[in-house]
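Trainee: Letter by letter, the sequence shown follows residues 1 to 151 of full-length UniProt numbering.
Derived by calculation from the structure, the hints in this document are not laboratory data. Note that CB positions come from ideal geometry on N, CA and C, so glycine has one too. Be careful, since some hints might not be right.
Listed below are the simulated DSSO-like cross-link pairs for lysine-lysine, each with C-alpha atoms no more than 27 angstroms apart in a straight line [claimed, not checked]: (1) Lys132 to Lys105; (2) Lys118 to Lys45; (3) Lys129 to Lys118; (4) Lys118 to Lys53; (5) Lys97 to Lys118; (6) Lys97 to Lys132; (7) Lys118 to Lys105; (8) Lys97 to Lys131; (9) Lys73 to Lys118; (10) Lys134 to Lys51; (11) Lys105 to Lys131; (12) Lys51 to Lys73; (13) Lys53 to Lys129; (14) Lys85 to Lys134; (15) Lys131 to Lys118; (16) Lys85 to Lys45; (17) Lys85 to Lys129; (18) Lys118 to Lys85; (19) Lys97 to Lys53; (20) Lys97 to Lys134; (21) Lys129 to Lys45; (22) Lys131 to Lys73; (23) Lys105 to Lys85; (24) Lys131 to Lys51; (25) Lys132 to Lys73; (26) Lys97 to Lys73; (27) Lys51 to Lys132.
Label-pair ranges, simulated between beta-carbon atoms [as the list claims (entries may be wrong)]: (28) Pro34 to Pro117: 34 to 42 angstroms; (29) Ser84 to Pro34: 19 to 27 angstroms; (30) Lys118 to Thr95: 16 to 24 angstroms; (31) Pro34 to Lys132: 29 to 37 angstroms; (32) Leu66 to Ser91: 28 to 36 angstroms; (33) Leu66 to Phe40: 15 to 23 angstroms; (34) Pro34 to Lys129: 29 to 37 angstroms; (35) Glu93 to Leu125: 33 to 41 angstroms.
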Amino acid sequence: MVPNTAMALRGPCPSLLLPLVLLATCLALASGQPWIELNFNFIRKHVDFPKTKAPNPNAYCNTMMLNRGLYGKAVNTFIHEPVSKINSICSGEGTPKIGGLYESKNLFSITQCIFDPKPNSVSFLYIGKEKKMKIIVGCWNRYPVYYLEQI
Numbered sequence: 001m002v003p004n005t006a007m008a009l010r011g012p013c014p015s016l017l018l019p020l021v022l023l024a025t026c027l028a029l030a031s032g033q034p035w036i037e038l039n040f041n042f043i044r045k046h047v048d049f050p051k052t053k054a055p056n057p058n059a060y061c062n063t064m065m066l067n068r069g070l071y072g073k074a075v076n077t078f079i080h081e082p083v084s085k086i087n088s089i090c091s092g093e094g095t096p097k098i099g100g101l102y103e104s105k106n107l108f109s110i111t112q113c114i115f116d117p118k119p120n121s122v123s124f125l126y127i128g129k130e131k132k133m134k135i136i137v138g139c140w141n142r143y144p145v146y147y148l149e150q151i
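Required output: the full structure, derived from the provided sequences and hints.
Mentor: Written out as structure tokens, the structure is:
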């Protein structure tokens, strides 16, 4: 007999995904923001197409996190693809996952910005990592409203 754990979801803490997505959705609903505002917020936080020029990934992250008002956030990912391609994940070009999440079928060009705490430093520094990978988004009304960070 195969134990129940063999059927369990694989990956980093899948049992935490659903409560986190539900919490984000509940907070959005409680704030009275319609899906279009949440999609606009998603785009502001996560889309940079065409990609802003910078001398290196670290400089890119420090510039973008400051310009987008995200400085101090531990992790943020910028997607370097057209909004229409990102939106399509929620309308047929994504594979459904648990809790309203969808994984892209195609690889996306991204830059992950990860906060690098330095002791005795008065400024924030980010480490940028450029990647091509599938992305996971939360969808509402066929539009992405949430980005699931994958480190």
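Trainee: Each hint: holds or not?
Mentor: Going through the hints against the structure:
Simply put, Lys132 and Lys105 have alpha-carbon atoms about 12 angstroms apart, close enough for the 27 angstroms limit, and the pair holds. Note on Lys118 and Lys45: the hinted pairing holds, with a Cα-Cα distance of about 24 angstroms set against a maximum of 27 angstroms. Note on Lys129 and Lys118: the hinted pairing holds, with a Cα-Cα distance of about 18 angstroms set against a maximum of 27 angstroms. Using a Cα cut-off of 27 angstroms, the hinted pair Lys118 and Lys53 holds, with the two alpha carbons roughly 26 angstroms apart.
Taking the CA atoms of Lys97 and Lys118, the gap is about 37 angstroms. The hint is violated against a cut of 27 angstroms. Simply put, Lys97 and Lys132 have alpha-carbon atoms about 20 angstroms apart, close enough for the 27 angstroms limit, and the pair holds. The hinted pair formed by Lys118 and Lys105 fails the criterion: a straight-line CA distance of about 37 angstroms is larger than 27 angstroms. This hinted pair checks out: Lys97 and Lys131 have alpha carbons roughly 22 angstroms apart, not beyond 27 angstroms.
For the given pair, Lys73 sits about 15 angstroms from Lys118 by alpha-carbon distance, which is consistent with the 27 angstroms threshold. Restraint check: the Cα-Cα separation between Lys134 and Lys51 comes to about 18 angstroms, which is no more than 27 angstroms; the hinted pair holds. A hinted pair counts as satisfied when its Cα atoms are at most 27 angstroms apart, and Lys105 with Lys131 qualifies at roughly 16 angstroms. Taking the CA atoms of Lys51 and Lys73, the gap is near 20 angstroms; set against the 27 angstroms cutoff, the hint holds.
Proximity of Lys53 to Lys129 is assessed by CA-CA distance (about 15 angstroms); at most 27 angstroms being required, the pair is judged to hold. Distance restraint check for Lys85 and Lys134: the Cα-Cα separation of roughly 12 angstroms lies within the 27 angstroms cut-off, and the hinted pair is therefore satisfied. For the proposed pair Lys131 and Lys118, the alpha carbon gap of about 24 angstroms is at most 27 angstroms, so the pair holds. At roughly 16 angstroms between alpha-carbon atoms, Lys85 and Lys45 fall within 27 angstroms of each other, so this suggested pair holds.
Between Lys85 and Lys129, the direct Cα distance comes to roughly 21 angstroms. Compliance with the 27 angstroms bound is thereby established for this hinted pair. Restraint check: the Cα-Cα separation between Lys118 and Lys85 comes to about 37 angstroms, which exceeds 27 angstroms; the hinted pair is violated. Under the criterion of a C-alpha separation no larger than 27 angstroms, the hint pairing Lys97 with Lys53 is inconsistent with the structure, at around 34 angstroms. A hinted pair counts as satisfied when its Cα atoms are at most 27 angstroms apart, and Lys97 with Lys134 qualifies at roughly 13 angstroms.
About 17 angstroms separates the Cα atoms of Lys129 and Lys45, which keeps this hinted pair within 27 angstroms; it holds. Of the pairs offered as hints, the one joining Lys131 and Lys73 holds, with about 20 angstroms between alpha carbons and a cut-off of 27 angstroms not exceeded. Taken as a hint, the Lys105 and Lys85 pair is honoured in the structure, with Cα atoms around 11 angstroms apart against an allowance of 27 angstroms. Note on Lys131 and Lys51: the hinted pairing holds, with a Cα-Cα distance of about 13 angstroms set against a maximum of 27 angstroms.
Distance hint between Lys132 and Lys73 is fulfilled; the C-alpha atoms sit about 22 angstroms from each other, no more than 27 angstroms. Taking the CA atoms of Lys97 and Lys73, the gap is about 26 angstroms. The hint holds against a cut of 27 angstroms. With a C-alpha separation of about 14 angstroms, the suggested pairing of Lys51 with Lys132 holds against the 27 angstroms cut-off. Checked against the hint of 34 to 42 angstroms, the C-beta distance between Pro34 and Pro117 comes to roughly 36 angstroms, which is consistent with it.
At roughly 20 angstroms, the beta carbons of Ser84 and Pro34 sit within the given window of 19 to 27 angstroms. The beta-carbon spacing between Lys118 and Thr95, approximately 39 angstroms, falls outside the hinted interval of 16 to 24 angstroms. Our hint of 29 to 37 angstroms for Pro34 and Lys132 holds, since their Cβ atoms are close to 33 angstroms apart. At about 33 angstroms, the beta-carbon gap between Leu66 and Ser91 stays in the expected band of 28 to 36 angstroms.
Look at Leu66 against Phe40: about 20 angstroms separates their beta carbons, and that is inside 15 to 23 angstroms. The supplied range of 29 to 37 angstroms is met by Pro34 and Lys129, whose beta-carbon atoms lie about 33 angstroms from each other. Taken as a hint, the range 33 to 41 angstroms holds for the pair Glu93 and Leu125, whose Cβ atoms sit roughly 35 angstroms apart.
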